[in-house]
Amino acid sequence: MPDGPAPLEGRAGWSRAWQEPAFRRNAILTLLVLATAVVVQARFLVWNESRSGTALEDPLLELFQPRDFSILTFALIWIAIALSAWRLVRLPHLLLHACRGYGLLAFSRVTLMYLVPLDPPETIIPLRDPLVEVFSTGADPLTRDLFFSGHTATLLLLHLVLPAGWLKRALLM
836 MPDGPAPLEG RAGWSRAWQE PAFRRNAILT LLVLATAVVV QARFLVWNES
886 RSGTALEDPL LELFQPRDFS ILTFALIWIA IALSAWRLVR LPHLLLHACR
936 GYGLLAFSRV TLMYLVPLDP PETIIPLRDP LVEVFSTGAD PLTRDLFFSG
986 HTATLLLLHL VLPAGWLKRA LLM
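Numbering (my numbering), first residue to last: 836 to 1008.
No lab work stands behind these hints: they were computed from the structure.
You may find that some hints are simply not true.
Claimed, not checked - Restraint-style ranges between C-beta atoms, simulated for each label pair:
#1 ASP975 - ARG846: 41 to 47 Å
#2 VAL951 - ALA917: 20 to 26 Å
#3 GLU855 - LEU950: 25 to 31 Å
#4 PRO894 - ILE916: 30 to 36 Å
#5 ALA1005 - SER887: 25 to 31 Å
#6 LEU939 - ALA890: 25 to 31 Å
#7 LEU995 - PRO952: 25 to 31 Å
#8 ALA917 - ARG859: 38 to 44 Å
#9 ALA1005 - LEU864: 41 to 47 Å
#10 ALA988 - THR871: 16 to 22 Å
#11 ALA988 - PRO894: 32 to 38 Å
#12 ARG1004 - VAL951: 29 to 35 Å
Don't be surprised by glycine CBs; every beta carbon is placed ideally from N, CA and C.
All chains should be built: construct the whole structure from the sequences, respecting the hints.
Okay, here's the thing in structure tokens:
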């Protein structure tokens, strides 16, 4: 059995949470850190494309013929993110956890990509995110943001933050 009452959802949850000075401070600090992380990551990824790294041998890749699954991949990712956001926006404390987690994830990716520069495999088919392409400057897709996968990490983070239910299970799959 859970300890204490279940957290309030929706407007009542936000009203109660916003009355807590600690929550207000954490929310403001979290938004500042998250915005910084997103900007730093975006600038780093552009810079990272201009440097060379090491191409790793992957015998598993040699077993498969490359195919472009960009549309399917990003449809699943964006649907999962939208459903998770819809669920988390009603749970203010968990939403803050998710935002802090994503900030940490972004800084971790930047750090690891800086320390472990990788070149893409010769047979790479770049993932092309249709939403990013619509709102971006039309730049070439990123091919050197290889370690670790931000897409996989984001879905795992959402799985870890969400309360029990079908969406949490689906994200793990």
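Index of numbered hints that the structure contradicts, given in increasing order | 2, 3, 5, 8, 9, 11
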